[in-house]
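Protein chains in written order, with our numbering: chain L, 1 to 106; chain A, 1 to 120.
Simulated from the structure, these hints should not be mistaken for lab results. Ideal Cβ placement from N, Cα and C applies to all residues, glycine included. There may be inaccurate statements among the hints.
For lysine-lysine, the following DSS-like pairs were computed, each having C-alpha atoms within a straight-line distance of at most 25 Å [to be verified]:
id : chain 1 : residue 1 : chain 2 : residue 2
1  : L       : Lys39     : A       : Lys43
2  : A       : Lys76     : A       : Lys43
3  : L       : Lys45     : A       : Lys43
FRET-style restraints, in silico, Cβ to Cβ [said to hold, decoys possible]:
id : chain 1 : residue 1 : chain 2 : residue 2 : range
4  : A       : Gln82     : L       : Thr69     : 23 to 31 Å
5  : A       : Lys76     : L       : Gln27     : 13 to 21 Å
6  : L       : Ser74     : A       : Ser71     : 34 to 42 Å
7  : L       : Ala30     : A       : Gly55     : 23 to 31 Å
8  : L       : Asp1      : A       : Gln82     : 35 to 43 Å
9  : L       : Ala30     : A       : Ala101    : 30 to 38 Å
10 : A       : Ser85     : L       : Thr72     : 36 to 44 Å
Chain A stretches covered by chain L per the calculated footprint, using a threshold of three residues with CB under 8 Å from any CB of chain L [to be verified]:
id : stretch
11 : 11-20
12 : 93-105
13 : 111-119
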Amino acid sequence: DIQLTQSPSSLSASVGDRVTITCQASQDIANYLSWYQQKPGRAPKLLIYDAYNLETGVPSRFSGSGSGTDFTFSISSLQPEDIATYYCQQYDDLPFTFGPGTRVDI
Amino acid sequence: EVHLLESGGGLAQPGGSLRLSCVASGFTFGDYAMAWVRQAPGKGLEWVSTITSTGSSSDYADAVKGRFTVSRDNSKNTLYVQMNSLRAEDTAIYYCAKGGAVIAHPFDHWGQGTLVSVSS
């Protein structure tokens, strides 16, 4: 199975700050990586797919990069509504796996 | 607008069974793979199962293999998972998620989830 590690596990930042989360895969997954946002009590929401493509309707302050085993997710200017847990997920191979999540607070 | 609505959750005893359903609307259901993803209380996301658009093929997480069976009725736009031999560690919110025309695709829409609690 492909393991995903995320760091940090949590972070606290100020409104307007740039926030960066990393996701590392245990083997090459090309660009088959997505990022999800989950707010408390809500279902996950797809933000980024294929490592760097922004899902329709998602604000441009969110971005993704990377390929192979190392990926990065960024929020260019943190907003109060971005408080959530963020998960990476690989869909290169079954079983699909998620990272453990990164909790973002203000 | 894509809409996924799960139902069937509730309290089950260890060793018991439940069947979850997910009714889809807003897209051509039979053209897309579908999945179940669960989240134990206070924990992260865990992929459970995926089924192809036609229902001809499916796969499962090791934790549920042999106990859960995923199926779909494309004429009813409905996804199912039959959960047998339930264990306490199956307690979670179960989400239905829409995949793509191919298996290697992210989950671009999710239902609101249905809570399954396994306890005596």
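Hints numbered earlier in the text: which of these fail when held up against the supplied structure?
Of the numbered hints, 2, 4, 5, 8, 9, 11 do not hold.
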